[in-house]
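J.: Residue numbers (my numbering), protein chains in the order written: chain E, 1 to 292; chain D, 1 to 336.
FYI, nobody ran anything at the bench for these hints, they're computed from the structure. Please read these numbers as outputs of a predicted model, since none were measured by experiment. Incorrect hints may appear among the rest.
[What the hints assert, rightly or not] To give an idea of the interface, some chain D residues facing chain E are shown, with a C-beta separation under 10 Å as derived from the structure:
| no. | residue |
| --- | --- |
| 1 | Thr116 |
| 2 | Arg118 |
| 3 | Tyr123 |
| 4 | Gly130 |
| 5 | Ile137 |
| 6 | Leu251 |
| 7 | Phe270 |
| 8 | Gln287 |
| 9 | Ile289 |
| 10 | Gly291 |
| 11 | Phe301 |
| 12 | Thr319 |
| 13 | Lys322 |
[Stated by the list, open to error] Listed below are several chain D residues computed to face chain E (Cβ distance under 10 Å; list not exhaustive):
| no. | residue |
| --- | --- |
| 14 | Thr69 |
| 15 | Ile112 |
| 16 | Ile126 |
| 17 | Glu133 |
| 18 | Asn142 |
| 19 | Val298 |
Cβ coordinates follow ideal geometry from the N, Cα and C atoms, glycine included.
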Amino acid sequence: MSLESVMQTLLFGLFVGGIYGIAAMGLALVFGVLKVLNVAHGELLMFGGYISFWVFTTLGIDPFVSLLIGIPALFLTGLILDRVVFRHVVRLAGEEKIKNSLLISFGLTLVLQNLALRVFTADDRTIQVAYTGAGVSLFGVMLPFARLASLIIALVTILVIHFFLRRSYPGKAILATAEDWEAAELAGINIHRVYMMTFALGASLAAIAGTLVTIAYGISPTVGLAWTLKALIVVVLAGTGSILGAFPAGLLLGVVEALSGILVGASYREVIGLVIFLAVLLLRPQGLFGRT
Amino acid sequence: MQEMTLPSTPWVWYRRWLAPALVVLLIMLAGLIPKLVDKQNVWNLFFLICLNITLGQSWNILAGFAGQTSLGHAAFFGIGSLVTRLLWLDSVPFIAAFLVGGLAAVAFAMLIGAPTFRLRGAYFSIGTLGVAEVLRITVSQNLPLISTMPAVQIAGYDLPLRYYAALGLALATIAAAWLLLRSQWSLGILAVREDEEAAQASGVHVLRHKLLALAISAFFAGLAGGIFAFQQISYYLSAPFDPTWTFDALLIVFFGGLGTLVGPVLGAIFFVLVHEQLAVRLVDVHQVIFGILFILIVLVFPGGLVEAWERLKKSQRLTRVKNAIRRSLFTHPDRT
Numbered sequence: 001m002s003l004e005s006v007m008q009t010l011l012f013g014l015f016v017g018g019i020y021g022i023a024a025m026g027l028a029l030v031f032g033v034l035k036v037l038n039v040a041h042g043e044l045l046m047f048g049g050y051i052s053f054w055v056f057t058t059l060g061i062d063p064f065v066s067l068l069i070g071i072p073a074l075f076l077t078g079l080i081l082d083r084v085v086f087r088h089v090v091r092l093a094g095e096e097k098i099k100n101s102l103l104i105s106f107g108l109t110l111v112l113q114n115l116a117l118r119v120f121t122a123d124d125r126t127i128q129v130a131y132t133g134a135g136v137s138l139f140g141v142m143l144p145f146a147r148l149a150s151l152i153i154a155l156v157t158i159l160v161i162h163f164f165l166r167r168s169y170p171g172k173a174i175l176a177t178a179e180d181w182e183a184a185e186l187a188g189i190n191i192h193r194v195y196m197m198t199f200a201l202g203a204s205l206a207a208i209a210g211t212l213v214t215i216a217y218g219i220s221p222t223v224g225l226a227w228t229l230k231a232l233i234v235v236v237l238a239g240t241g242s243i244l245g246a247f248p249a250g251l252l253l254g255v256v257e258a259l260s261g262i263l264v265g266a267s268y269r270e271v272i273g274l275v276i277f278l279a280v281l282l283l284r285p286q287g288l289f290g291r292t
Numbered sequence: 001m002q003e004m005t006l007p008s009t010p011w012v013w014y015r016r017w018l019a020p021a022l023v024v025l026l027i028m029l030a031g032l033i034p035k036l037v038d039k040q041n042v043w044n045l046f047f048l049i050c051l052n053i054t055l056g057q058s059w060n061i062l063a064g065f066a067g068q069t070s071l072g073h074a075a076f077f078g079i080g081s082l083v084t085r086l087l088w089l090d091s092v093p094f095i096a097a098f099l100v101g102g103l104a105a106v107a108f109a110m111l112i113g114a115p116t117f118r119l120r121g122a123y124f125s126i127g128t129l130g131v132a133e134v135l136r137i138t139v140s141q142n143l144p145l146i147s148t149m150p151a152v153q154i155a156g157y158d159l160p161l162r163y164y165a166a167l168g169l170a171l172a173t174i175a176a177a178w179l180l181l182r183s184q185w186s187l188g189i190l191a192v193r194e195d196e197e198a199a200q201a202s203g204v205h206v207l208r209h210k211l212l213a214l215a216i217s218a219f220f221a222g223l224a225g226g227i228f229a230f231q232q233i234s235y236y237l238s239a240p241f242d243p244t245w246t247f248d249a250l251l252i253v254f255f256g257g258l259g260t261l262v263g264p265v266l267g268a269i270f271f272v273l274v275h276e277q278l279a280v281r282l283v284d285v286h287q288v289i290f291g292i293l294f295i296l297i298v299l300v301f302p303g304g305l306v307e308a309w310e311r312l313k314k315s316q317r318l319t320r321v322k323n324a325i326r327r328s329l330f331t332h333p334d335r336t
């Protein structure tokens, strides 16, 4: 195998990993702050993907620009879902909360998936833009513009989230609530508003991930669970408390998967992710970047 | 006033044998269905009820008794059906293929259970969900085939035989759950559900009890998959790995009552009947309705039908007591 093709595989691993990172960050944010495990995260991603698909096909708006519609739409969806469904789970204690949130979001997965089947039909949808397939060649390694732009958007997103969480008042309130909600409430933070904001923010991140998925692979109503799983693997990899660590962990998973694809063949690639997941759970349950 | 008097001896005798007699009667009735009704679709309905009782009860053993919420029940069901189908169509006797299918599911469950059980409950849920989905993808990528029975099998296809097999399996699963609850293991398993740390502190080997519940659960889920493979004339080999099987099991158990013996049975009957009605009338959205119903049950009524019945009984007792008090207060003593 030539050096170029290995480099090419590595690069595509990075491209895929960027999407993993964004998908996982939304999940990690919700899990870290609400302590709720939303298995329907992949379905939110799927809806985000469909929004950019429909905006592109009906209005002819570039899929990257369609994020300006997709993000607010999913933000609103997140607000509604938190208000209608997850608000009732947040009150429960510890393990009970995680368990019930798992069950409820599992039900939600089926609702959203079948709703999508009904509304969007089961067809695979792909986006063909003018620059699809175009790219530059660098030392024999192909750099497609669309994928490069996706990775840049992912990087910009993580920077925005980073500065939002660390610098702004609402961001600090979110981090404080993640640390200790009781202390945060005593300090005068309206934690229910924080929960609502966080869930909506997680859904918005799913919208970004969904758009990137649609540009790279296309979208269909049944992709949700597979992306939830990828996001879960990344969250475990990063360590469940780590919100910003989800991004590098996503990149890592992308690269490892791409390389293992060469070794064991593409049809068993999914198994590798699972093996990594189990191995990390066994050997380093606090995650690669987590503190004990 | 009669309710307030102490029951006489024959009444106690009667009460004691009422439930077992009813169970025997129901089993006999279930056994006679193919003789009593000569309709293919009725047989099919009863077959589905039995299959779903097995599916629900096997999930209940793990999630209801041991408190380990598996979201990957479809994996065990799928492995059972895949192994049974491939062996059976490869001219291995069905019974042997069937048992190997169940054992394969157990072996797989142990493989996934040992690492994930070492951590808190949620990781087990995620782990099982992940396993089921990865298995589904891997199977559908490597075996994207429709498995069809050979013509000889189809010619001699015997639905009542399938029904009896499913009925026997359903009864065996219920019996296993019942025996488990009566065994010395039950205390440990229930203790693990109630409070893991406390169980550990009082000397219960938590991991061993979890693995035991998982093994029994996976075994019967695998056998249910085997029955599915036995009954279906043709299907995609990856279909039994679909997460809807997990969801059906969850729905059945929550309908009936989590952690109870009769819950999954009631839940399965209710589920199959409603499912048939909805699937005919609202083909596209029936899963959406089930999903919403499930969310509502978990949020509002986590005890299911069994709890509803208990509440009803309690309220009856309450009105009985109320009536007795009212009578004693407002009726003149001379008239009684």
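J.: Taking the hints in turn, state whether each one holds.
T.: Structure-based check of each hint:
no.: 1; hint: Thr116; verdict: holds (6 Å)
no.: 2; hint: Arg118; verdict: holds (7 Å)
no.: 3; hint: Tyr123; verdict: holds (6 Å)
no.: 4; hint: Gly130; verdict: holds (5 Å)
no.: 5; hint: Ile137; verdict: holds (5 Å)
no.: 6; hint: Leu251; verdict: holds (8 Å)
no.: 7; hint: Phe270; verdict: violated (17 Å)
no.: 8; hint: Gln287; verdict: holds (4 Å)
no.: 9; hint: Ile289; verdict: holds (9 Å)
no.: 10; hint: Gly291; verdict: holds (4 Å)
no.: 11; hint: Phe301; verdict: violated (13 Å)
no.: 12; hint: Thr319; verdict: violated (31 Å)
no.: 13; hint: Lys322; verdict: violated (33 Å)
no.: 14; hint: Thr69; verdict: holds (5 Å)
no.: 15; hint: Ile112; verdict: holds (8 Å)
no.: 16; hint: Ile126; verdict: holds (5 Å)
no.: 17; hint: Glu133; verdict: holds (5 Å)
no.: 18; hint: Asn142; verdict: holds (6 Å)
no.: 19; hint: Val298; verdict: holds (5 Å)
The structure is inconsistent with the numbered hints 7, 11, 12 and 13, although it conforms to all the rest.
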